[in-house]
Amino acid sequence: MMRDWMINGVGTSLRRLMLAAVSTGLALSGTWAAVTAAAKSPRSEATEAMAANQKVAPGGIDELKAVEIGGIQQWISVRGNDPHNPILLYLHGGPGAPMMPESWTYQRPWEDFFTVVQWDQRGSGKTFSSAHRKITQPFSVDRIVADAEELIEYLRREYHQDRIFVLGHSFGSTLGVRVAQDHPEWLYAYIGVGQMVNGGANESVGYQETLAEARRVGNQTAIRELESIAPYPNADGSVPTSKTLLERKWDVLLGGMIYALSGDDESQRRWMSPLYEDRDLRAAELGEDRSFELLWSQVTSVRFDDVNLFRCPVFIFAGRHDRTTPTTLVQPWFAKLQAPSKRLFLIEHAAHYVVSETPGEVLVDLVENVRPLARTGSAGATQ
Amino acid sequence: MRIASLRYFDPHGAFAAALPPLGLAIPPPLRCVVAGSAAGSIDILAWRSPTETVWICDSAARFDGLRRALAATDDGCLVDQTHGRRLIRLRGAAARSLAHLGSGFAEIGIGAVRIGRMADIAVLACRPDAEEWLLVLDRLYLEHFVGCLKTVTPLEMNI
Chain G
4 MMRDWMINGV GTSLRRLMLA AVSTGLALSG TWAAVTAAAK SPRSEATEAM
54 AANQKVAPGG IDELKAVEIG GIQQWISVRG NDPHNPILLY LHGGPGAPMM
104 PESWTYQRPW EDFFTVVQWD QRGSGKTFSS AHRKITQPFS VDRIVADAEE
154 LIEYLRREYH QDRIFVLGHS FGSTLGVRVA QDHPEWLYAY IGVGQMVNGG
204 ANESVGYQET LAEARRVGNQ TAIRELESIA PYPNADGSVP TSKTLLERKW
254 DVLLGGMIYA LSGDDESQRR WMSPLYEDRD LRAAELGEDR SFELLWSQVT
304 SVRFDDVNLF RCPVFIFAGR HDRTTPTTLV QPWFAKLQAP SKRLFLIEHA
354 AHYVVSETPG EVLVDLVENV RPLARTGSAG ATQ
Chain P
28 MRIASLRYFD PHGAFAAALP PLGLAIPPPL RCVVAGSAAG SIDILAWRSP
78 TETVWICDSA ARFDGLRRAL AATDDGCLVD QTHGRRLIRL RGAAARSLAH
128 LGSGFAEIGI GAVRIGRMAD IAVLACRPDA EEWLLVLDRL YLEHFVGCLK
178 TVTPLEMNI
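Order-wise, the sequence lines are chains G and P. Here my numbering runs 3 ahead of the position in the first sequence, where the first position is 1. Here my numbering runs 27 ahead of the position in the second sequence, where the first position is 1.
Just so you know, these hints were derived from the structure itself, not from any lab. Please note that a few of the clues may not be correct.
Claimed, not checked - Chain G is nowhere near these chain P residues, computed Cβ spacing over 12 Å in every case:
hint, residue
1, G50
2, I69
3, I115
4, E159
What the hints assert, rightly or not - Here are the computed distance ranges between Cβ atoms for each label pair:
hint, chain 1, residue 1, chain 2, residue 2, range
5, P, A52, G, E188, 41 to 47 Å
6, P, H39, G, D145, 48 to 54 Å
7, G, R306, P, V106, 22 to 28 Å
8, G, L340, P, A88, 53 to 59 Å
9, G, D281, P, S68, 45 to 51 Å
10, P, S124, G, S143, 45 to 51 Å
11, P, E158, G, E351, 21 to 27 Å
As the list claims (entries may be wrong) - If the Cβ cut is set under 8 Å, some of the chain P residues that face chain G in the computed set are:
hint, residue
12, H39
13, E79
14, I137
15, A139
16, L164
Even for Gly, the Cβ is constructed at its ideal location relative to N, Cα and C.
Could you build the full structure based on these sequences and the hints that come with them?
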């Protein structure tokens, strides 16, 4: 969710070893392009290999472009093997944590069934990079929701699709719920992953569950540090970012972000992304920091407790061990939902990053249970 | 060792029908099937997505036989990825401990497949039997991956 919160466990040597792997001639074959150009930078050699492995089928869609949304240039990647497939728009989390540069690690099989759109939100990734690393005003959750809706209008118009699927992950799920509330007629379905329900309760329950896990495994350092920020959130309901950073540190280390792993170095995967230029990599880090700093108080003010009526189908993917957006909060909220159709997929042995932790399981559920709505006209979604 | 991607859109079409004569079958979602019976041999199909199965085989003759059989079908294809991918076998006393280095890999049931993270990279893992985990990864990552394993285990590895 936050780069600084994801303490790396094992991956720090990847870049150096990638260098070695390429320079020692470990060329690829099959559908992969051979890595041959000696004069190229190690990163470009690596990203070329990744790009070759990501080629879409003839007639498919492979676009990386900036479109004007909300008065600024915002970057999207649009990829799919069949232009007749329904669009699935991925709303990333953070705030400010783009999924576009990591999408190459799991997304290709999805592109047989969906035209997948990755969007770097205002203040994030390539969009932040093309704004010369400046936050463009206005900058608020409301503005990003408006951006999302403008983007959906663009996608529907540009790709001649009356409805699309919207998948919101973590912070992106706060955007997704609001889009689904505002414009159900645009959606085949809303798909929430690591769903936010109540920002304050999210922090409170997540903290308690992380502390309980620290006690369960007997990690005295974790217990001491977590107890040092009590009460969390503060008694007045505020959520200081300094406390959040410490809570997330132990959330990650104790497997509440990625199941059973104590770290996850996204910077390594971003480094190999064929969709990012060098300048975008640093911008992604800075944008994440700035977005968190500027939007966190708004994120923790999110209240969906009473948002129980949806006029489009709703699907929720929840990792059993998610303590970042605790599944224990999502389940009772989901139980109260009224929607034309709804389903909760509780994924075992997964935490907050369900999509990239278990992309196979998620894809099976999407193909078998979600995508058919695109054939039947959204199973009763109402205008 | 040969590794291929079997790509198709209809798991019941002509492409899939060409497999049984060779003792192969497309596995159900998130499962793997062991085709070979010879002791110590590897002949495994692992689900990758609804449109892709990974085939791992240590018999060149068998591999070429399937490739010829599939050449006549037009609703799928075999992509030889032998030089682009690598198979790592975890077995022995430390296998489960090493599997714990992947997210959820230690909990993979017998005959199941999980695509997930290990050493920060995407890995397809399957467990054909109680004794062994098979990991399929892109060759580009091999040195990084083995390096990570070596940092956490003093055991001799035969990779």
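- Sort out which numbered hints this structure fails and list those numbers smallest first. 7, 12, 14, 15, 16
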